[in-house]
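Participant: Protein chains in written order, with this note's numbering: chain H, 82 to 598; chain E, 558 to 979.
Since the hints were derived computationally from the structure, they do not count as laboratory data. Everything hinted at is true.
Distance condition first, Cα-Cα at most 30 Å in a straight line; then the derived DSS-like pairs of lysine-lysine:
| hint | chain 1 | residue 1 | chain 2 | residue 2 |
| --- | --- | --- | --- | --- |
| 1 | E | K589 | E | K822 |
| 2 | E | K797 | E | K705 |
| 3 | E | K919 | E | K826 |
| 4 | E | K589 | E | K826 |
| 5 | E | K625 | E | K646 |
| 6 | E | K855 | E | K826 |
| 7 | E | K919 | E | K822 |
| 8 | E | K976 | E | K822 |
| 9 | E | K826 | E | K976 |
| 10 | E | K646 | H | K494 |
| 11 | E | K646 | H | K508 |
| 12 | E | K584 | H | K167 |
| 13 | E | K855 | E | K822 |
| 14 | H | K508 | E | K625 |
| 15 | H | K494 | E | K625 |
| 16 | H | K580 | E | K625 |
| 17 | E | K976 | E | K589 |
| 18 | E | K826 | E | K975 |
| 19 | H | K167 | E | K589 |
Just some of the chain E residues that point at chain H, by a computed CB distance under 8 Å:
| hint | residue |
| --- | --- |
| 20 | V559 |
| 21 | L621 |
| 22 | S640 |
| 23 | T641 |
| 24 | R644 |
| 25 | K646 |
| 26 | Q674 |
Short, incomplete list of chain E residues facing chain H, as computed with Cβ under 10 Å:
| hint | residue |
| --- | --- |
| 27 | D567 |
| 28 | Q577 |
| 29 | K625 |
| 30 | G627 |
| 31 | Q631 |
| 32 | F633 |
| 33 | N636 |
| 34 | R647 |
| 35 | F671 |
Values in this document were obtained by computation on a predicted structure and should not be read as measured data. Glycine included, every Cβ here is placed at the ideal spot set by N, Cα and C.
Single-letter residue listing:
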Amino acid sequence: MKTTRPRTRDRAAKAPLPSGSEWSVEAIDRYNEEIARVAAHYKLDIYPVQVEIITAEQMMDAYASVGMPVNYHHWSFGKHFLATEKGYRRGQMGLAYEIVINSNPCIAYLMEENTLTMQGLVIAHAAYGHNSFFKGNYLFRTWTNADAIIDYLLFARNYITQCEERHGEEAVELLLDSCHALMNLGVDRYKRPPKLSLAKEKLRQQEREEYLQSQVNDLWRTLPAHDVRADARGEARFPPEPEENLLYFVEKNAPLLEPWQREVVRIVRKVAQYFFPQRQTQVMNEGWATFWHYTLLNHLYDEGLLADSFMLEFLQSHTNVVAQPPYNSRWFGGLNPYALGFAMWRDIRRICEDPDDEDRRWFPEIAGSDWLETFDFAMRNFKDESFVAQYLSPKVMRDFRLFAVVDDDHEDKLEVSAIHDDAGFRKLREILSDQYNLGAREPNVQVWNVDLRGDRSLTLRHTPFRRRPLGEGTDEVMRHLARLWGFTVRLERAGEDGKVELVHEIRGETTRPRATS
Amino acid sequence: MVRIIDRRFDSKNKSAVNRQRFMRRFKQQIRKAVSEAIHGRSIRDLENGEQISIPARDLSEPSLHHGKGGVWEQVFPGNDQFSTGDRIKRPLGGGGDGAGKGKASQDGEHEDDFVFQLSREEFLDLFFEDLELPRLIRTQLAKVTDYKTRRAGFTSDGVPANINIVRSMRGALGRRLALGSPWVARIRELQQALDEALARGAEDSEEVRGLREELAALRARIDRIPFIDRFDLRYNNRVKEPRPTTQAVMFCVMDVSGSMDEGRKSMAKRFFMLLYLFLTRSYEHIEVVFIRHHTVAKEVDEDEFFHSRESGGTVVSSALELMRNILRERYANGQWNVYGAQASDGDNWDNDSPVCGRLLGKEILPWCQYFAYVEITAGEPQNLWREYTKLEAAHDNFAMQRIESPADIYPVFRELFKKTLA
Chain H
82 MKTTRPRTRD
92 RAAKAPLPSG
102 SEWSVEAIDR
112 YNEEIARVAA
122 HYKLDIYPVQ
132 VEIITAEQMM
142 DAYASVGMPV
152 NYHHWSFGKH
162 FLATEKGYRR
172 GQMGLAYEIV
182 INSNPCIAYL
192 MEENTLTMQG
202 LVIAHAAYGH
212 NSFFKGNYLF
222 RTWTNADAII
232 DYLLFARNYI
242 TQCEERHGEE
252 AVELLLDSCH
262 ALMNLGVDRY
272 KRPPKLSLAK
282 EKLRQQEREE
292 YLQSQVNDLW
302 RTLPAHDVRA
312 DARGEARFPP
322 EPEENLLYFV
332 EKNAPLLEPW
342 QREVVRIVRK
352 VAQYFFPQRQ
362 TQVMNEGWAT
372 FWHYTLLNHL
382 YDEGLLADSF
392 MLEFLQSHTN
402 VVAQPPYNSR
412 WFGGLNPYAL
422 GFAMWRDIRR
432 ICEDPDDEDR
442 RWFPEIAGSD
452 WLETFDFAMR
462 NFKDESFVAQ
472 YLSPKVMRDF
482 RLFAVVDDDH
492 EDKLEVSAIH
502 DDAGFRKLRE
512 ILSDQYNLGA
522 REPNVQVWNV
532 DLRGDRSLTL
542 RHTPFRRRPL
552 GEGTDEVMRH
562 LARLWGFTVR
572 LERAGEDGKV
582 ELVHEIRGET
592 TRPRATS
Chain E
558 MVRIIDRRFD
568 SKNKSAVNRQ
578 RFMRRFKQQI
588 RKAVSEAIHG
598 RSIRDLENGE
608 QISIPARDLS
618 EPSLHHGKGG
628 VWEQVFPGND
638 QFSTGDRIKR
648 PLGGGGDGAG
658 KGKASQDGEH
668 EDDFVFQLSR
678 EEFLDLFFED
688 LELPRLIRTQ
698 LAKVTDYKTR
708 RAGFTSDGVP
718 ANINIVRSMR
728 GALGRRLALG
738 SPWVARIREL
748 QQALDEALAR
758 GAEDSEEVRG
768 LREELAALRA
778 RIDRIPFIDR
788 FDLRYNNRVK
798 EPRPTTQAVM
808 FCVMDVSGSM
818 DEGRKSMAKR
828 FFMLLYLFLT
838 RSYEHIEVVF
848 IRHHTVAKEV
858 DEDEFFHSRE
868 SGGTVVSSAL
878 ELMRNILRER
888 YANGQWNVYG
898 AQASDGDNWD
908 NDSPVCGRLL
918 GKEILPWCQY
928 FAYVEITAGE
938 PQNLWREYTK
948 LEAAHDNFAM
958 QRIESPADIY
968 PVFRELFKKT
978 LA
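Using the sequences and the accompanying hints, generate a full structural model.
Facilitator: Here is the structure:
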């Protein structure tokens with residue numbers, strides 16, 4: 082905290098912001114006004130802000146529907162609600178102070194129970210920090226459409242409600258269960274999806290239903306007669322290239338789904354896609370928001386607008402947020418993205434403003450540059466994986482005392498592969514970057530083939546990453562897939578030596594999901 | 558640029574639907590948990606909500622993810638002792654998630670039970686779901702019928718307070734038009750003739766005078782039509798409709814003799830507590846008669862029934878006699894659904910059991926819709942049970958069950974009052 086700067090000059094110029102713990106709408110308004118002014122001073126580019134005050138119960142509601150103000154109904158959201166409610170009522174866990182929604186305008190929920198200080202902190206953190214990240218970062222810009230998301234969710238909820246009315250709640254629920262099981266394999270990782278637009282969705286939905294159905298039928302109608310079977314061995318696979326987006330493949334090609342079922346699959350897929358960037362930018366995004374609430378509030382304090390009592394309370398929460406317990410602490414729960422992100426952004430600023438020789442050697446292109454420009458560039462063009470690979474400095478690694486451990490199930494002992502010394506910096510950075518690589522975090526399972534000429538069975542291929550097997554629940558997921566596909570589904574594993582073995586097989590026909598209609 | 562919206566007074570239970578769906582989906586598990594939860598409860602807090610826990614694996618949401626095994630290379634903070642190349646023993650506890658090492662976060666699967674709170678309503682709903690009083694007759698019009706008034710159009714008769722102005726005035730207008738119409742037509746003709754005559758310039762002629770007189774006479778007749786007449790009046794009509802209600806009375810007969818030890822009494826009380834809760838919850842108008850007996854029987858109120866500590870020897874027939882007397886005195890007019898539930902350890906004075914059998918078979922069961930006997934005993938069936946077994950064969954409105962331990966109470970209760978398809 083930079084409290085040593087002279088701060089008497091500005092004191093008289095402006096009335097200090099209200100202090101104390103009780104908030105009022107006027108007070109929030111004033112805080113917002115001042116924070117906005119300072120944010121503009123730092124050239125943060127943001128969506129318009131919409132602050133909404135809600136109660137703890139409403140916060141739990143929002144939790145339950147994955148933070149969105151509207152969502153379709155499903156029992157799993159109820160389960161999450163009950164879990165949150167229980168934890169909260171027994172005082173085992175606090176609720177987040179805020180939820181912020183990547184939409185335009187950017188909606189920030191403030192909880193009624195927060196003190197005035199917390200409201201100020203939350204506004205700076207969510208409404209300016211996260212908000213500017215949502216607007217600037219390339220992943221959010223390409224993968225999500227802030228203008229349309231609320232409308233789309235509304236459309237989705239109404240559509241699914243209609244389906245429930247028409248086809249029965251149970252049929253829809255089973256379908257959603259299956260889709261949810263495949264949700265994390267229902268995103269395009271490398272292909273940019275088209276933007277959402279409510280108007281277009283509605284307009285096209287009908288068209289799409291008919292078109293899709295005709296496409297699917299075509300696929301199977303052109304089945305050649307059995308006598309061609311002899312040379313089937315050399316036939317091309319379908320799909321010609323493996324498909325990573327399982328839900329997409331199901332939506333477009335599952336032979337037995339009805340049009341409304343395809344639409345539901347599509348909805349789940351779109352929602353999954355919407356959350357995809359968030360999963361990839363946790364360190365950056367949280368670090369960014371934390372850096373900005375810290376910087377903005379300190380700036381206001383230096384101007385003499387904030388009371389000392391405000392700063393004390395703020396610094397206490399801030400310190401809690403960025404605490405990183407060591408690996409052997411009982412509080413340890415992995416690397417804290419807030420702590421790592423905050424340290425990295427702070428360090429980038431330091432490298433820009435006050436570089437030493439080490440920094441010049443490691444970061445010749447940014448050492449001594451204008452920090453705001455460097456920040457803007459880094460925020461716009463990276464995700465966690467590349468951000469760590471690019472900007473994790475030796476100093477941060479030293480400060481965190483990072484070390485890497487290899488756990489190989491073929492060895493009887495763990496091995497420390499790198500620590501925070503000159504020899505280990507690069508390796509450490511590489512490993513950490515890999516750790517945030519979604520490809521390494523989630524299993525690589527792709528659609529490999531459909532037996533067009535035979536029993537219509539679907540084959541998935543799992544290419545293990547560093548020999549890691551699939552976890553429990555795989556069988557269950559395959560059953561769900563079989564329900565969607567309607568015929569036999571298989572899961573193969575491609576070993577390192579190129580050998581392919583069959584791991585799971587769910588026989589079809591009996592698992593066909595038929596609508597009750 | 559900023560908008561501040563206070564949403565605190567918006568609807569709260571956005572997740573209510575999701576919650577209901579969750580409850581519906583896991584009804585089986587929840588019901589099981591509810592019936593297990595009831596064992597541990599004291600009489601007094603039966604009516605509270607309940608903490609329910611169901612195994613987490615039953616409601617897991619599967620997904621494809623990495624399992625244990627293969628190679629994991631991970632970065633940890635807070636190095637205090639390691640240097641590159643150190644080899645460390647795998648932490649105990651399998652794949653190494655002790656002390657934060659290994660791959661704690663990847664597995665993410667734990668088998669803790671999923672615990673949540675049921676509200677009182679939800680709890681009792683589940684608790685008494687699918688239970689009913691057997692053979693309840695709903696069609697009779699009871700003596701204490703309650704009425705419901707409902708609108709039934711309009712009448713021409715009533716009290717001034719019920720006059721319907723619009724209807725009345727509409728009627729009056731119609732009547733005036735109808736009564737005046739022949740003269741109105743005639744007036745029109747005469748007026749035309751008069752106008753023609755005047756146009757001809759015959760101002761003082763006989764014809765004109767005659768026309769004028771006739772016109773005046775007709776106008777006077779129309780004016781004499783009353784503006785509103787008695788039979789224009791319309792009154793709002795409300796009729797009282799008797800609604801069929803059920804009248805039911807439940808006799809709770811509990812043995813509090815010395816042979817009923819503390820444990821048995823508590824089981825009996827719990828059984829009746831359940832019954833009482835069920836009746837008061839599910840049926841609006843029901844009378845409950847509490848009878849407790851040792852050597853003498855006594856009609857008591859609810860509070861005394863559940864909480865009095867008086868005790869003595871055992872003559873079961875005394876209670877049945879009292880029940881018969883009350884039945885004859887108060888509920889004999891054929892308009893009551895009569896139910897009985899008796900709990901005892903079955904340890905009766907030997908000569909008394911046949912008396913009981915006779916009383917019940919001849920003088921009580923014929924008037925009863927349903928009578929349930931619960932014997933609370935861990936060992937051999939007692940003499941009362943043997944006596945009652947004869948009745949069970951002869952009367953289909955008689956049921957008997959045994960409760961050996963507190964765990965049986967709820968299942969037995971469900972068995973006795975389960976819904977039967979008509």
